[in-house]
Amino acid sequence: MAPVVWPCALNPSNHILVQELLLHASLGRHRHSLRDRKDFFHLARHISCLKEPCKYLVSAPPTSRGPLWAPWRSTVPRQIVFNRILRQCTDTYTQSSHKEDKEDEEGRRVPVFYDDAIAHLNRIAEELGPHGYKVTLVGTLRRGCPVASRAEFLLTYDDDDRIRKHRDNDTTVSHSVHFERAIQGLRASGYIKHHRTKGKIDIHTQQYITLASRSHSHPETLSTSREERQVLSITWSKPQQFHTRQLFLTGPNPFVMHLVLLTHAKGLGLDPCGLYKSQLGFRESVALECERDIFAALQLPYVEPIHRHAYCRVHNLF
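Residue numbers (full-length UniProt numbering): 1 to 318.
Any given hint might turn out to be false.
[Unchecked claim] Straight-line alpha carbon distances no greater than 25 Å define the calculated PhoX-like cross-link-like pairs of lysine-lysine that follow:
| id | residue 1 | residue 2 |
| --- | --- | --- |
| 1 | Lys277 | Lys238 |
| 2 | Lys134 | Lys38 |
| 3 | Lys277 | Lys266 |
| 4 | Lys134 | Lys193 |
| 5 | Lys38 | Lys51 |
[To be verified] Estimated spans, in silico, between C-beta atoms of each pair:
| id | residue 1 | residue 2 | range |
| --- | --- | --- | --- |
| 6 | Ser26 | Lys51 | 23 to 31 Å |
| 7 | Val177 | Lys38 | 57 to 65 Å |
| 8 | Asn122 | Gln299 | 17 to 25 Å |
| 9 | Cys290 | Gly185 | 32 to 40 Å |
| 10 | Ile16 | Lys38 | 41 to 49 Å |
Hint data in this document are derived by calculation from the structure and do not stem from the laboratory. We put the beta carbon where it would ideally sit given N, CA and C, even for glycine.
With the hints as constraints, model all of the structure from the sequences given.
So, in structure tokens, the structure goes:
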């Protein structure tokens, strides 16, 4: 029979903190002075008698009277307590923020096949196309990979009249609003069951990680009682950067870097924000109608995404 383990504190949330302070008091002779180790011990004994969590006590303003003043006098144990409380608060916030995600995603995520990605692409275009949006598939699935953990899409706002209307205003705010409206519209339609902001790829690019219901256009390989969901990554792009970002997000990276070096050799510039040519020290943006225009500017034949990996193998780019 296993021995009974009793907590070191009246409040269970202070148990780990008391143990840590006692360990510093008993094993810290080479790192702390005798006075500091005594403060560790007195602080641990004081916290073990508290009936409330220690973080509420720390958040209260310190007083000059009472039993709290002496244990908190030393800066070494106070810093350790603050670090422990900060870690506890961070863990609590992380668990609460991801609790809904785990309940919603557990046992439901399935890989994304190429046919599923095309079905998702058509569904997003059907929902957002009438409102002036344009979407395309990027990532490994566009390069011909049969299955992936997620489907990656690039979204932009392609209404020329409304873009021209906001040209004199802050276009960054306008495009950010368009992206938020697109995500909220997909969620309101019931297509996206859950979404969370992943963050920014760079200073201009926002990205969402979403969950969408799996299309059942092909025979099922597995039977499940729960609704199957697939992970979609939706990245935003400005219209003038759409084709270059499509190239960069499709990859593979050696192929993209090969094109960047070729453009540099021809006196041009290529980055995710567009294709440029330098004149008298100033960069002038080159208008692109499609991804093929990038290859035309380099006087190269267009390489299909499904052939780019083989292109890298043939030219020893890996």
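Assess, step by step, whether the Cα of Lys134 is no farther than 25 Å from the Cα of Lys193, and give holds or violated.
holds (21 Å)
Is 32 to 40 Å right for how far apart the beta carbons of Cys290 and Gly185 are?
violated (26 Å)
Do the alpha carbons of Lys277 and Lys238 lie within 25 Å of each other, as the hint requires?
Measuring from Cα to Cα gives roughly 19 Å; hence the hint holds.
A range of 23 to 31 Å was offered for this pair. Does it hold for the Cβ distance of Ser26 and Lys51?
holds (25 Å)
Take the C-alpha atoms of Lys38 and Lys51, compute the straight-line distance between them, and say whether it is at most 25 Å.
holds (23 Å)
Below or equal to 25 Å on CA atoms is what counts here, so check Lys134 against Lys38.
Judged against 25 Å, a Cα distance of about 67 Å means the pair is violated.
That 17 to 25 Å hint for Asn122 and Gln299 (C-beta), does it hold up?
Hint violated: Cβ distance 34 Å, outside 17 to 25 Å.
Do Val177 and Lys38 keep their Cβ atoms within the hinted range of 57 to 65 Å?
holds (60 Å)
Check whether the Cα positions of Lys277 and Lys266 lie no farther apart than 25 Å.
Holds, because 9 Å separates the two Cα atoms, which is no more than 25 Å.
At the C-beta level, are Ile16 and Lys38 separated by a distance inside 41 to 49 Å?
Violated, at about 21 Å.
Of the numbered hints listed earlier, those contradicted by the structure are 2, 8, 9 and 10.
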